[in-house]
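> Each chain, written out:
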Amino acid sequence: MTSTTTLNLHRALDEAFAAAPPGAPTQDLKEEVRASLLARSAALEAAGADPGTAARTALDELGDLREIVATLDHPATDAAPPDLAVERLLHRVRPRPAYVLRTTALGIVVAGAATLLALVAVGVLGWSITVGALAVPVLALGAGTLVADALRQETTSSYALPTGRALGFGAASTATGAALGLAALVVAAPPLTWAVVAGAVLLVGGVLAFVALGTTATNRHKPWVLDEHRRAAAGNRFEQEPDAAARFGIYVSALGFAALLVFALLTLTVGLRWSWLALAVAVPAVFLLLARMLFPAPRA
Amino acid sequence: MINFTDSVGAGDPFAADLLRGHTDTIVLGVLRGADRYGFEIYKAIRDATGGQYEIKEATLYASFRRLSRDGLVEGYWGDESQGGRRKYYRITDAGRAVYRRDVTAWRATQRIINTLLDLEEDPR
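Top to bottom, those sequences are chains B and F.
Here full-length UniProt numbering is used: the first residue of the first sequence is 1, the next is one more, and so on.
Here full-length UniProt numbering is used: the first residue of the second sequence is 1, the next is one more, and so on.
In isolation and in its complexed conformation, chain B is listed as follows:
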């Protein structure tokens, strides 16, 4: 490409952008248009056009440069925000029939196992190792599968969770469900040391997994929801205030330590049969703490 051709293109650009507001966006757009013009001109030259004709054709094909410059006067960011209710309706994600059927069937099975264990716990049904061996795994694995499967679904307001995190939540639900099932057996049966220990370990593990997954969650939502969040100036407090996240970690550690102490104390005084109550109190306390710290009440 000759220098005269290049000069003509640069001159045309300078003239078109002379009236544009000075600043980085203008310069950015100018350089982008310049690169396109030069590329088009080079392509025409390669096809056999002489340099002068190639430059003129490139400029002609680009159209009125003033229209391109005008996009700077009416930036896209000036556009009116979309109606969020309409956006939600437009982008509504309907659940897949296979998922609905799967969840319904699994929900019935899990509810059945939970009912069976509840009846055993209150003494309506007699305890047996067979009931425990069947109902506890069904409750635990069913609950875990339900949770993981649900989190893998795309909804109107969220993308599907990554497989690893969905499995993590599923595993935490399985552990917590198994702990609840074992608690029912402990209440109904003669002191079952193994069930108390296993239940306590599973419950603590499940809660810790929930806390870890919850505090590392990112706010990856669909664009219109992100926009809504931006406008509402809302957000994950732990991302915005790292000190709040640190405080939460310390509180949970202290609470966990206290719960284990009370658990040991109850075991030594009133026995294993009641010691799990310490954990049963600690778990809701952790969730309450999480809710209070993530969504603090507005100050008067």
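Please note that a few of the clues may not be correct.
Taking CB as the label site, the calculated pair distances span [said to hold, decoys possible]:
id	chain 1	residue 1	chain 2	residue 2	range
1	B	Thr-216	F	Arg-85	46 to 52 angstroms
2	B	Arg-102	F	Arg-69	54 to 60 angstroms
3	B	Ala-98	F	Ala-97	19 to 25 angstroms
4	F	Arg-107	B	Ala-254	52 to 58 angstroms
5	B	Gly-23	F	Tyr-76	16 to 22 angstroms
6	F	Trp-106	B	Thr-57	56 to 62 angstroms
7	B	Ala-254	F	Ala-108	33 to 39 angstroms
8	F	Asn-114	B	Ala-285	57 to 63 angstroms
9	F	Leu-18	B	Thr-155	28 to 34 angstroms
10	F	Ala-97	B	Leu-213	20 to 26 angstroms
11	F	Leu-18	B	Gly-23	31 to 37 angstroms
12	B	Arg-102	F	Tyr-76	56 to 62 angstroms
13	F	Lys-43	B	Arg-247	32 to 38 angstroms
14	B	Arg-102	F	Asp-79	48 to 54 angstroms
Here are the computed lysine to aspartate or glutamate pairs in the EDC-like style, where the Cα-Cα straight-line distance is at most 20 angstroms [unchecked claim]:
id	chain 1	residue 1	chain 2	residue 2
15	B	Lys-30	F	Glu-40
16	F	Lys-87	F	Glu-40
17	B	Lys-30	B	Asp-14
18	F	Lys-87	B	Asp-28
19	B	Lys-30	B	Glu-61
20	F	Lys-87	F	Asp-70
21	B	Lys-30	B	Glu-67
22	B	Lys-30	B	Asp-60
23	F	Lys-43	B	Glu-15
24	F	Lys-43	B	Asp-60
25	F	Lys-87	F	Glu-74
26	F	Lys-87	B	Asp-14
27	F	Lys-43	F	Asp-24
28	B	Lys-30	B	Glu-15
29	F	Lys-87	B	Glu-31
30	B	Lys-30	F	Asp-79
31	B	Lys-30	B	Asp-64
32	F	Lys-43	B	Glu-154
33	B	Lys-30	F	Glu-74
34	F	Lys-87	F	Asp-24
35	F	Lys-43	B	Glu-61
36	F	Lys-43	B	Glu-31
37	F	Lys-87	F	Asp-35
None of these hints come from the bench; they were simulated from the model.
Here the structure is a predicted model, which means the values were calculated and not measured.
For each residue, glycine too, the CB sits at the ideal point set by N, CA and C.
With chain B's structure known, arrange chain F on it following the hints.
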């Protein structure tokens, strides 16, 4: 051959209007396969339609700005070439999701329009 430019009044106004409403989706579709710069995108659209449809570059630049603002594409400057640096555009994950949504919406719209036009052409 009819040339459907995106300018008002050129070619078939109905087709031009219809196509103009999908400029952002068309750009997202072009970017699905590879990162491209402005002129490449223009050429890809023109070549894909055998020259029947060309988006004016002013329209394309406005589209790039909208898509960048919405986080559907990301722009970055490439290497020096032919005396100028090219600004490439890359589709984001959100851009791919919006593209899929728009394609689904287009298919649904196409079905409805086809149905309605068939009714118009074959009145009972």
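> Which earlier hints turn out false for this structure, listed by number in ascending order?
Of the numbered hints, 1, 2, 6, 7, 12, 13, 23 and 32 do not hold.
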